[in-house]
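Could you build the full structure based on these sequences and the hints that come with them?
Protein sequences, first through last, are from chains Y, D and A. For the first sequence, position 63 (counting from the first letter as 1) is numbered 63 according to the working numbering, and the numbering increases by one without interruption. For the second sequence, position 132 (counting from the first letter as 1) is numbered 132 according to the working numbering, and the numbering increases by one without interruption. For the third sequence, position 16 (counting from the first letter as 1) is numbered 16 according to the working numbering, and the numbering increases by one without interruption.
Source of the hints: derived by calculation from the structure; they are not laboratory data. All figures in this text were calculated on a predicted structure; none of them were measured in a lab. Check before you lean on any hint, since a few could be wrong.
[Unchecked claim] No more than 27 Å apart at the CA atoms, straight line, and that leaves these computed lysine-lysine pairs for DSS-like:
id	chain 1	residue 1	chain 2	residue 2
1	A	Lys35	D	Lys118
2	A	Lys47	D	Lys118
3	A	Lys87	A	Lys47
4	D	Lys15	A	Lys87
5	D	Lys15	A	Lys35
6	A	Lys47	A	Lys35
7	A	Lys87	A	Lys35
8	D	Lys15	A	Lys47
[Stated by the list, open to error] Restraint ranges, calculated between C-beta atoms of paired labels, are given here:
id	chain 1	residue 1	chain 2	residue 2	range
9	D	Gln175	A	Ile89	42 to 52 Å
10	D	Ala132	Y	Glu36	19 to 29 Å
11	Y	Arg20	D	Asp174	48 to 58 Å
Quick reminder that beta carbons are idealized off the backbone N, C-alpha and C, glycines included.
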Amino acid sequence: MTATFAPGARIRIRDDWPERRGPCHIRTPHYLRGREGTIQAVLGEFPNPEDLAFARPAPRRTLYHVLFEQPPIWAEGEAGDSLLVEIFEHWLEPATPAQEAA
Amino acid sequence: MSAPARPESLALLDKFVAALATRGLVTEQEIADRQASTDRASPEIGARMVARAWLDEGYRRLLLANGAAAAEQMGVSMAGAPPLGVLEDRPGLHHLVVCTLCSCYPRAVLGYPPHWYKSFEYRARAVREPRAVLAEWGTTLPPATQIRVVDSTADYRWMVLPMRPPGTEGWSEDQLTAIVTRDALVGVALPRLPVAAAAE
Amino acid sequence: MSDAPTPAIHDLGGASRYRCSPVERDEAPPDEFGKRVDAIRQILAQKGFMTVDELRRGIESIPEEEYFALTYYERWLTSISNLMVEKGIIPAEELR
Numbered sequence: 001m002t003a004t005f006a007p008g009a010r011i012r013i014r015d016d017w018p019e020r021r022g023p024c025h026i027r028t029p030h031y032l033r034g035r036e037g038t039i040q041a042v043l044g045e046f047p048n049p050e051d052l053a054f055a056r057p058a059p060r061r062t063l064y065h066v067l068f069e070q071p072p073i074w075a076e077g078e079a080g081d082s083l084l085v086e087i088f089e090h091w092l093e094p095a096t097p098a099q100e101a102a
Numbered sequence: 001m002s003a004p005a006r007p008e009s010l011a012l013l014d015k016f017v018a019a020l021a022t023r024g025l026v027t028e029q030e031i032a033d034r035q036a037s038t039d040r041a042s043p044e045i046g047a048r049m050v051a052r053a054w055l056d057e058g059y060r061r062l063l064l065a066n067g068a069a070a071a072e073q074m075g076v077s078m079a080g081a082p083p084l085g086v087l088e089d090r091p092g093l094h095h096l097v098v099c100t101l102c103s104c105y106p107r108a109v110l111g112y113p114p115h116w117y118k119s120f121e122y123r124a125r126a127v128r129e130p131r132a133v134l135a136e137w138g139t140t141l142p143p144a145t146q147i148r149v150v151d152s153t154a155d156y157r158w159m160v161l162p163m164r165p166p167g168t169e170g171w172s173e174d175q176l177t178a179i180v181t182r183d184a185l186v187g188v189a190l191p192r193l194p195v196a197a198a199a200e
Numbered sequence: 001m002s003d004a005p006t007p008a009i010h011d012l013g014g015a016s017r018y019r020c021s022p023v024e025r026d027e028a029p030p031d032e033f034g035k036r037v038d039a040i041r042q043i044l045a046q047k048g049f050m051t052v053d054e055l056r057r058g059i060e061s062i063p064e065e066e067y068f069a070l071t072y073y074e075r076w077l078t079s080i081s082n083l084m085v086e087k088g089i090i091p092a093e094e095l096r
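Given below as structure tokens:
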């Protein structure tokens, strides 16, 4: 398996809410959905926790360390402060100019 | 506060252990052995790893590249433990670790997480207002320091490698280990010199 | 994002209801109850009866009023005992 995104790539976290569709277990915090960030590192491949949580066969997924700027996620942050979060590849999409219209 | 378990929970635990033991799935001896091995992990392990990294450039590079291998060098068995990632502070950048979704914590090198790390307040606030949280610990960062909050959401466990404080030149590994607290390894505090040493 | 759905019960990052609550600096190690639950959880995982992901899913599915009434290791015990029942390893009657 190769990582789709390389360090430095701009990505967006999918604005998806599986919680609305029924029982699930997800490791992507709510506050990052729909937010843009930058790939800092590829951390490896791990069985998908969304399947492990229900004892289903769990295909391995690439895990990334993704860097986000603290504001605008929260106004309480100071410019330059940041958030660094492990996110699985299936939650990532390229950050494209097209999303400006959304 | 971490309230005691309710009587019905104590009763449930007894029934659960009995049900497991009856089937030969878990024995009292196994529970005692596991508890003893869990009790052996303490923040002193992580502190010593930091102290060694301050003194030994080769070890520092290993620690940053492969925390688990660096822990193994300290005699810690990392078999079955999650990968250990190490976050290096540098001038202008300070790391703070939290797990907003549950309570992920580098237990192999820090031991049991403290109650506050698992609290709803810490989990909610550390990502949103880290500076206010640090202030509650009395932690003041040098001016123009950016905070990087690491939300531990998945398969790694994270430990901070703080900067070595000035005034510790010539100190031994034991002396340095003693100033690296558990709180400094999570990032809510900085390594601090004892008052007497600082006054010298 | 103002129309974002309400986060799940455990998804606490930034939760406004804790904004004005200081972090209580409780340094006490787990009590005997907590340590036992913790040890059992590790043994069950090591023997392949459950994953840590299943533990978390079980905690996250505790009904809200119970979730906040239970202590940390009580939530763990609830999760792992429910899991063993769900998997058919222990009959529910034995835990009543």
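* Structure-inconsistent hints, enumerated in ascending order -> none
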